[in-house]
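Peer 1: Chain by chain, the residues run as shown.
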Amino acid sequence: MTFTPVLSAGWGDSDSFTLDGYTRRGGYDALTKALAMDPDALISLVKESGLRGRGGAGFPTGMKWGFIPQGDGKPHYLVVNADESEPGTCKDIPLMLANPHVLVEGVAISSYAIRANHAFIYVRGEVTHVVRRLQQAVADAYDAGHLGKNIAGSGYDLDVVVHAGAGAYICGEETALLDSLEGYRGQPRLRPPFPATHGLYGAPTVINNVESIASVPAIVLGGAEWFASMGTEKSKGFTLYSLSGHVRNPGQFEGPLGLTLRQLLDLSGGMREGRTLKFWTPGGSSTPILTDAHLDVPLDYEAVGAAGSMLGTKALQCFDDTTCVVRAVLRWTEFYAHESCGKCTPCREGTYWMVQILARLEAGDGTEEDLATLLDTCDNILGRAFCALGDGATSPITSAIQYFRDEFVQHMTGKGCPFDPVASTVFAAASS
Amino acid sequence: MLTDKTREEARQIIARYPKARSALLPMLHLVQSEDGYVSPEGITLCAEELGLTKAEVGAVATFYTMYRRKPAGTYHVGVCTNTLCAVLGGDAILDSLKDHLGIGHNETTDDGTVSLEHIECNAACDFAPVVMVNWEFYDNQTPTSARELVDGCRAGNPPAPTRGASSLCTFKQMERVLAGFPDGRANEGVQAGPPSLVGLKLAQQRGDTAPAYPDGTTPGAEKPKQQEADAQ
Ligand SMILES: Cc1cc2nc3c(=O)[nH]c(=O)nc-3n(C[C@H](O)[C@H](O)[C@H](O)COP(=O)(O)O)c2cc1C
Ligand code: SF4
Ligand code: FES
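Residue numbers (numbering that gives the first Met the number 0), protein chains in the order written: chain A, 0 to 431; chain B, 0 to 231.
Some hints could be false.
In silico BS3-like pairs for lysine-lysine, Cα to Cα no more than 30 Å straight-line [unchecked claim]:
1) K97(B) to K69(B)
2) K200(B) to K224(B)
3) K222(B) to K148(A)
4) K53(B) to K342(A)
5) K148(A) to K18(B)
6) K46(A) to K32(A)
7) K53(B) to K18(B)
8) K171(B) to K18(B)
9) K69(B) to K4(B)
10) K171(B) to K4(B)
11) K414(A) to K97(B)
12) K148(A) to K46(A)
13) K171(B) to K69(B)
14) K148(A) to K73(A)
15) K222(B) to K200(B)
16) K32(A) to K224(B)
17) K46(A) to K222(B)
18) K171(B) to K53(B)
19) K200(B) to K233(A)
20) K342(A) to K18(B)
21) K4(B) to K18(B)
22) K73(A) to K18(B)
23) K69(B) to K342(A)
24) K171(B) to K97(B)
25) K32(A) to K233(A)
26) K73(A) to K46(A)
27) K32(A) to K222(B)
28) K73(A) to K32(A)
29) K53(B) to K69(B)
30) K148(A) to K32(A)
Among chain A residues calculated to face chain B with C-beta under 10 Å, some are [stated by the list, open to error]:
31) A8
32) G11
33) S15
34) F16
35) G20
36) V126
37) H128
38) V130
39) L133
40) A165
In short, the hints are calculated from the structure, not lab data. Since the model is a prediction, treat every value here as computed from it, not as a measurement. All C-beta atoms, glycine included, are put in the ideal place defined by N, C-alpha and C.
Using the sequences and the accompanying hints, generate a full structural model.
Peer 2: Put into structure tokens, the structure is as follows:
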């Protein structure tokens with residue numbers, strides 16, 4: 000296997016986030032090339048490359064762009080989803096901190112392709128310095144003539160607005176994001192109609208993840224075949240894997256789709272001293288957990304799906320044998336209950352009840368019947384919730400009971416959790 | 000305190016958007032940059048400028064966790080207690096800070112310097128356990144380092160963020176940035192923390208690169224000086 004740094008290639012430079020730093024490594028060459036192309040040719044290029052959305056669902060990006068009606072006389076919009084709030088997911092934030100310009104260049108090319116003259120970067124509000132870096136990058140790109148009126152003499156105009164959110168995981172869901180961007184409570188919209196025809200302000204809109212859009216300049220420079228030379232049959236290209244948890248060297252690793260967790264652990268130093276992997280998420284807390292039996296599953300959309308989970312955002316949160324799975328699942332469920340937008344009953348009520356039951360189980364007061372009720376509640380949410388947040392809330396619970404039922408039963412002693420939380424901390428050995 | 004200048008700035012925000020109401024979230028950040036929370040005066044101002052009722056503005060403000068009903072401290076401290084950070088030490092850090100400051104979740108010290116809350120995953124799991132102050136990153140914390148951090152805040156000389164500006168701004172200064180009024184500090188601080196570079200360093204050690212582009216160049220490589228000059 001080979002690592003393939005593209006997005007992260009320049010991150011080692013102390014000025015990687017500046018216009019100079021980016022230009023020194025070929026930044027904005029792709030925009031020049033793209034503006035000389037026909038917008039439809041760009042859409043075809045991205046289709047042929049096989050790029051799939053990096054925000055979690057893996058929808059083909061070029062196909063999404065192709066749904067935008069052309070010649071309809073309406074304004075079109077590009078909205079970048081920079082809300083990154085799925086627990087475990089931590090790739091877009093370091094990307095925008097180290098190289099906001101690759102996103103800005105991707106925005107310019109993608110907007111040109113879908114014939115949008117207005118783009119928005121919706122960034123979660125809880126990252127002050129990332130907001131600063133985006134604001135500066137956009138301002139510098141205007142000054143350099145990469146944004147604004149008549150970009151590089153092409154006759155094409157584009158305005159870009161950096162918009163800070165205000166703390167709501169649900170606003171990462173694309174239709175809730177649109178409502179939020181329009182100044183409403185961030186609650187999902189009924190689909191159809193889809194954003195491609197009725198998006199921001201009721202106009203045709205493309206919503207893409209940060210990493211998806213940031214991948215576009217390289218595709219323009221390298222071509223579809225070059226991009227598709229990386230990855231697996233149906234999951235093409237380079238991507239950022241985020242390794243976290245009880246591992247010796249957590250961090251970002253850029254490689255082709257289809258690497259395995261075993262490869263990443265072996266090369267990066269493995270789990271922390273003297274400990275073994277117990278469970279992990281392939282793509283954030285909404286993707287069912289996996290165990291050490293899945294270390295060799297290729298991390299692409301198909302193989303992780305076949306293993307009973309989802310690739311999601313490649314947020315590889317690794318927990319070792321000191322970790323109580325009941326505690327982990329309770330905490331994630333509290334998150335979903337807190338973030339449920341309240342629009343539909345299965346999710347609003349279901350997540351609330353699941354927290355009560357899991358808290359009882361963790362405290363040692365649960366029963367076998369509680370386990371059955373939990374699974375029953377999950378059953379009633381999955382597929383019946385208004386949006387994917389509700390489905391995601393069931394993932395940690397059903398998968399944890401599938402793999403670690405015994406551990407739930409061990410908690411039914413009336414004596415509380417058998418694990419020592421201190422042993423799980425990073426400062427367990429050192430004095431705190 | 001909201002002034003004519005605040006109203007003028009609210010209008011500048013509105014001018015950024017094709018439709019006025021899109022300005023509401025940044026306007027509420029602007030209100031917090033003046034009052035430290037979403038004050039009744041702030042709600043009135045937003046309602047007047049956008050032609051909404053106060054109830055409509057309030058309904059939006061209460062939906063989002065960053066909008067506060069009570070003033071934040073000068074330094075607003077958030078401890079990540081989502082699962083990964085919690086397990087790696089976030090729970091212990093939060094307990095330690097509650098004890099040390101004598102306040103609970105969503106409370107502020109009597110002197111108004113520090114407010115505390117537990118927060119959800121802040122997209123920095125490879126730096127766990129994570130503490131945010133005024134939404135600047137304080138990575139890889141321990142109970143000891145977190146106590147020193149809040150002591151610094153209370154004494155008016157907080158340590159610098161690990162990935163952020165070269166000194167810590169106040170809550171109100173931060174909210175101005177989120178409202179879309181840059182503070183000119185984007186070039187301060189590191190480009191990346193060590194974990195962000197682990198994979199890149201490993202690739203370099205192994206001599207791994209992405210496949211060359213059709214023109215033979217390596218993606219993201221520095222351009223030869225001459226070529227750069229020719230291009231200009
Ligand atoms: C509850 C929820 C939260 C989400 N959060 C994000 C997010 O923070 N960032 C993101 O890019 N996509 C997120 N998504 C997925 C988006 O709805 C959407 O699929 C994505 O932004 C499309 O971009 P892509 O095709 O480039 O992946 C979320 C979905 C759900 C249901
Ligand atoms: S599933 Fe949950 S988050 Fe989604 S619409 Fe229903 S209540 Fe809201
Ligand atoms: S869980 Fe704390 S930053 Fe992700």
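Peer 1: When you check the alpha-carbon spacing of K46(A) and K32(A), does it fall within 30 Å?
Peer 2: 18 Å, holds
Peer 1: Does the nearest C-beta of chain B fall within a distance shorter than 10 Å of the C-beta of G20(A)?
Peer 2: G20(A) check passes; min Cβ-Cβ to chain B is 8 Å, inside 10 Å.
Peer 1: K69(B) and K4(B) were given as a pair; does the straight-line alpha-carbon distance stay at or below 30 Å?
Peer 2: At roughly 23 Å apart (the allowed maximum being 30 Å), K4(B) and K69(B) satisfy the hint.
Peer 1: For the hint on F16(A), just tell me whether its beta-carbon gets within less than 10 Å of chain B.
Peer 2: 5 Å, holds
Peer 1: Mind checking the CB of A8(A) against every CB in chain B and telling me if the closest is under 10 Å?
Peer 2: 3 Å, holds
Peer 1: Taking 30 Å as the top limit, are the C-alpha atoms of K73(A) and K46(A) close enough?
Peer 2: 24 Å, holds
Peer 1: For the hint on H128(A), does the least C-beta distance to chain B fall short of 10 Å?
Peer 2: For H128(A), the interface hint holds, since the closest Cβ of chain B sits about 4 Å away, which is under 10 Å.
Peer 1: Verify the proposed pairing of K53(B) with K18(B), using a straight-line Cα cut of 30 Å.
Peer 2: OK: K53(B) and K18(B) at ~19 Å, within 30 Å.
Peer 1: For the pair supplied as a hint, K32(A) and K224(B), confirm whether the alpha-carbon distance does not exceed 30 Å.
Peer 2: 20 Å, holds
Peer 1: Need the status of pair K148(A), K32(A): alpha-carbon distance at most 30 Å?
Peer 2: 18 Å, holds
Peer 1: Would the hint linking K46(A) and K222(B) be met if the CA-CA limit is 30 Å?
Peer 2: 29 Å, holds
Peer 1: Report holds or violated for the interface hint on S15(A), using the least CB-CB distance to chain B and a cut-off of 10 Å.
Peer 2: Given a least distance of 5 Å, the restraint on S15(A) holds.
Violated hints are absent here; each numbered hint is respected by the structure.
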